[in-house]
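Chemist: Listed below, chain by chain, are the residues.
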Amino acid sequence: MRFLSLLFPFFTFAALAAEPLALTPATLLADPANDPVWRDLLAQLAPNKTRQSKFEERRFFPFRKDPVVLTGEIRIVPELGLSLRYLTPEARVMIVDSKGLLMRDEVGRDREPPNDSRAQAATSALVRVLRFDLAGLQKDFAVHGRRDGAAWTLAFVSRDPAFANLLGTLTVSGENQNLLSIEMTKSPTQRIEIAIRDTVEDVLFTGDTLKRFFR
Amino acid sequence: MDNAALRLRRFARLALIAFAAGCAIWLLRLDHARKISTNVLDLIPAAEQTPELGIVRGFTAGAQARVMLFALGEPRAPERPPLAAAEAFAAGLKNSAAFEQVIVMGDPAAQNELGRQIFEHRFEWLLPAWLAAREREFARTGGAREKFSSWLAGRVAADLEAFLSRPEAAAMQELIPRDPLLLVPALVDRVRLLAASGGGAEGHALVWALIKGSPFAEEGQAPVFTAIERTMARVSTEYSGVELRWSGVNRFAAASRSRIEAEVGLLNVCSIVAVLGISCLLVRRIFKLLHLVPIILLSIAGAWTVSTLLFDRLHILVVVIGSLLSGVAIDYGFYLYMQPSLRPDEPYPEKLRRLLKPLLASCLTTVIGFSLLLFSDLPLIRQIGVFVSAGLICALGAAMLYFAQLERPLLEGRSPGGLAGGGRGARWAVRGLAVLAVLVALFGPLRLQWRDDVRELDLPSPELHANDAAVRGWFGESAQRSIYLTHGATLAEARARLEAFHAALNQSAPGVAAASTGVLLPTEEDWRAQPERTAALVTFAGDLRAALAQRGFTAEAFEPFFANWERARVRAPVETYPKLAADLDQALAGPLALLSNTRAAPFWFLTVFDQPATGELPAALHTIGLNQLQSLNELFTRYRWSALRLSLIGLGLVIASVFVIYPPRRGLRIAVIPAGSCFLVFGVFGLTGQTLNLFHLLGAFLGVCLSHNYAIFSSDSAATGSAPPVPVRLSALSTAVSFGVLGFSRIPVIHALGLTVALIVVVALAIVELEPLAHGEKR
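The listed protein sequences derive, respectively, from chains Y and D.
For the first sequence, position 183 matches number 183 in the working numbering, and the numbering has no gaps at all.
For the second sequence, position 373 matches number 373 in the working numbering, and the numbering has no gaps at all.
Bear in mind the hints are in silico, worked out from the structure with no lab data behind them.
Hints should not be assumed to be uniformly reliable.
Stated by the list, open to error - Here are the simulated distance ranges between beta carbons:
#1 Y:F163 - D:E146: 18 to 28 Å
#2 D:R190 - Y:P62: 22 to 32 Å
#3 D:A620 - Y:D208: 20 to 30 Å
#4 D:S478 - Y:F163: 24 to 34 Å
#5 D:K212 - Y:D31: 34 to 44 Å
Ideal placement from N, C-alpha and C gives every residue a C-beta, glycine not left out.
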């Protein structure tokens, strides 16, 4: 029973847009950070500029016929991390940064997840994935990738079987330097997909916005 | 020497030897480690009337005081907690005989075990409160009783649907088919404050440990520190660069003891040097002062013996404060030793008889005053009262017997002369000064500010406190959160009060998290009502299937729940309420086990509230903010007033006894000098904005008793308008410098005592010296 250790599964993402990446030895990337096919793309994807996008998250549960749909906005500030602002069905903010995860409700009350070693490791993995810090990720994850013209897909599978079972496969995909989807798949009936659209780069966030949506 | 004198000398010698031997045998056989306490809470009465403080006091004897916190960090990789190093460190400590429990915080195995236990017992521990709350909600709708099952099913399905959009839903998805009532997810949400947050640890891996020995005893200090040092040395070889920060009560206790010992040692040396300096000025043959040493030693030995005979445990502060007794004890020796004989052949018994009245008046009135402290509620004050009273009686007895040994006991002093005989201007200046002093003494005390802080009993250690705050911060303690303790005489009462307290919190600050392990235990009322409530829900399973399907769920996925539900409905409840609590208690381990006491009275539960503490709570909630220091400060304030009352009564008795012994005019003078000195010093404190505490008050009491001696011993000289005798000057100046040295102590209470006594003594001496000048009489 994974109980208290699973309190805060904030890395709840799964793929939407691209064709699912079948994980085979052929798709395994031995050293993506230094692979000439990936190196330039990864450099472009690394969050060196502020971004704001809209997203739609669809959560699939094995005991529910239809997915639960959540919508909101994503903000990325390289120095501060990532902020997911859920707008529907409930207003809520989730912040992912170097300190870990933080939930903030609509009246601004913060809620931190407990100090669970696996949750910490998972958070750390998510932060590195969203920074496209492949050099760091390679130590703990097997990285698979596929490029098809401008479209690309990267998938991450933990090298620790227990952790892989907990986290599933984390897949990110996009076109050119645009991230279009994030997916976390444990099984066909247990997955979460986030579709990202309307990305605006080099957004100038006001102090109030930074205070409201980041730690 | 005639036979009578020889017999007297022999008797005196035998009496002194017998007394010294008795004290030595008793004191050498004592278990000093057990007899002398460094625990601040030992200063509070064992049967403290306030139950909350009794509980807090119990914490020091309980496991709470044996907790140690460790944080391992890797400065080169601050984003990743060094978990492997923490596990190795914890394994090392577990192998040490000094540790009882060691837990790596966030350890999935421990969390999973607790999670498994809670999940398995969810129908016994969580369902009663959940069902009772739903019943109350339904009652507010005004619906008919037979509609409850379908209403409840609809409510469950709606709550479940809403829950799926929450972040934790994905993690709970394997759990939900067996727990659609969300008993466990709701509990997790309610108690989340009890877990240290990952973000708050700032890249540290945290280890919680419980030591076996008392943190206030040697067994809980040196062996523990050695184990930590050795284990960390081994861990560092494998995980280089990992740094350890740690804290625990034992660290403070050990540091406090060594600092106090060093401080007291230094102060004593400075004090002796200062007294010797004064003696050089006022005594002709200084080596003869050695004759006073046995008197002081016998006085202190007597005080120790009587105190340890009467009290089971003595606090170290009594010893420290009691050692100041030498300042008073030496007075009788000075007075006896420095009084010249009336004629060259005056025998010692005759001289003693002549001096007995002032000696007895001085000693017995002081003893009467200090004996009153025996009626204090505070053990510290009672112990000081006994220590000083016994010491003074021993000092007088030892002085009288010791000088009977000497052929011609006389310590010749140097008298620099008095201040009388000054001109008219000087006389009026002194009178003006006296008027000013009276005004200050009358009105200054009205501006006094009092504040008692239990931390003043200790030598401040800013580095240790800063380290402790940092480590506790990583473990989740924050000034933004408050901790409350709810108690009751019975388990059911304590749990019911916890329920009322949480309801009050929810009403005053809706939505603010309040976590307690107590919520795992239903109230006795809900627990007793549970079988009847579930038995009445005959159609609930069917109703819920329909409601789930209606909300888009696949009802078949919840079959594991329905099977458990039917079993739970017919299962016999746990035999008794205490048995239910005992089962829960067994499931809780590590830090969670210390957040409640469900085993024996007084029963209590802690609540962590996600807001800083506010004002005092209504008494009806039977809950206090667990700001331990604040609680103790209030306690000390209460005891200060008790001590003040007793001191004033003591002072009244001392003054009354003076009037019994001396004629009214002389008695008035003897009474006014100490009382006036005390009020003048407090007046100066008031006008200069000093904040006083219990120990200024104790110092004042000591100062009054000392100046009372000077007033008595200078009584004859004052009557003739001559300068005070040398013993009074020597004694007052020695006391002033030795207590003045204590005024430089970094231990706030010693500083308060030293400063107060020194000032009162200086003022009393000044009055005695200026008295003839003010009267305008010639020497």
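Chemist: Each hint needs a verdict: does it hold in this structure or not?
Modeler: Hints versus structure:
1. Y:F163 - D:E146: 18 to 28 Å: About 50 Å separates the Cβ atoms of F163 (chain Y) and E146 (chain D), which means 18 to 28 Å is violated.
2. D:R190 - Y:P62: 22 to 32 Å: holds, 26 Å
3. D:A620 - Y:D208: 20 to 30 Å: Violated - the Cβ-Cβ distance for A620 (chain D) and D208 (chain Y), about 43 Å, lies outside 20 to 30 Å.
4. D:S478 - Y:F163: 24 to 34 Å: holds, 30 Å
5. D:K212 - Y:D31: 34 to 44 Å: violated, 52 Å
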